[in-house]
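> Sequence:
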Amino acid sequence: IELIRRDYVANNGWETFLSYEDPEQDILIGLLRLRKCTDSFRPELKGKVSIIRELHVYGSVVPVRARDPTKFQHQGFGMLLMEEAERIAIEEHKSTKMAVISG
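Note that the sequence shown covers residues 4 to 106 in the numbering used here.
In case anyone wonders, no lab produced these hints; they're calculated from the structure.
Just so we're clear, the structure is a prediction, and the values are computed from it rather than from any experiment.
Mixed in with the good hints there might be a few duds.
Estimated spans, in silico, between C-beta atoms of each pair [said to hold, decoys possible]:
#1 K51 / R8: 16 to 22 Å
#2 G50 / Q28: 17 to 23 Å
#3 E5 / T41: 27 to 33 Å
#4 D25 / R45: 20 to 26 Å
#5 N15 / V67: 34 to 40 Å
C-beta atoms are modelled at their ideal positions from N, C-alpha and C, and glycine is treated no differently.
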């Protein structure tokens with residue numbers, strides 16, 4: 004299982020697509036989309052802000068407090084994606100604020 008990073012420009016802004024993938028089995032385990040804010044009409048998104056636009060961990064449903072080592076949910080992949088997004092926002096985007104609009 005590998006952390007894969009893809010950076011690209013979209014709608015005059017910088018986006019980073021992070022994912023955990025198993026290339027040997029061709030499986031996408033989870034993904035996160037991070038955007039460095041440029042121009043925004045929303046006052047809370049002005050300044051040095053990065054936005055987490057999407058976060059998903061795929062696989063069979065596992066109850067919140069349960070653990071199943073054969074399933075991907077609740078194994079920490081979402082937390083690892085968030086931690087890498089926070090690192091990129093702070094170190095590379097120089098953001099002082101992060102907004103999570105993924106729901």
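> Is the hinted range of 16 to 22 Å satisfied by the C-beta distance from K51 to R8?
21 Å, holds
> Taking the CB of E5 and the CB of T41, does the distance hold inside 27 to 33 Å?
For E5 and T41 the Cβ distance comes to about 30 Å; the hint holds.
> At the C-beta level, are G50 and Q28 separated by a distance inside 17 to 23 Å?
Given range 17 to 23 Å: violated, Cβ gap about 42 Å.
> Is the gap between the beta carbons of D25 and R45 within 20 to 26 Å?
At roughly 37 Å between Cβ atoms, R45 and D25 fall outside 20 to 26 Å, so the hint is violated.
> Against the range 34 to 40 Å, how does the distance between the Cβ atoms of N15 and V67 compare: consistent or not?
39 Å, holds
Comparing the model with each numbered hint stated earlier shows that hints 2, 4 do not hold.
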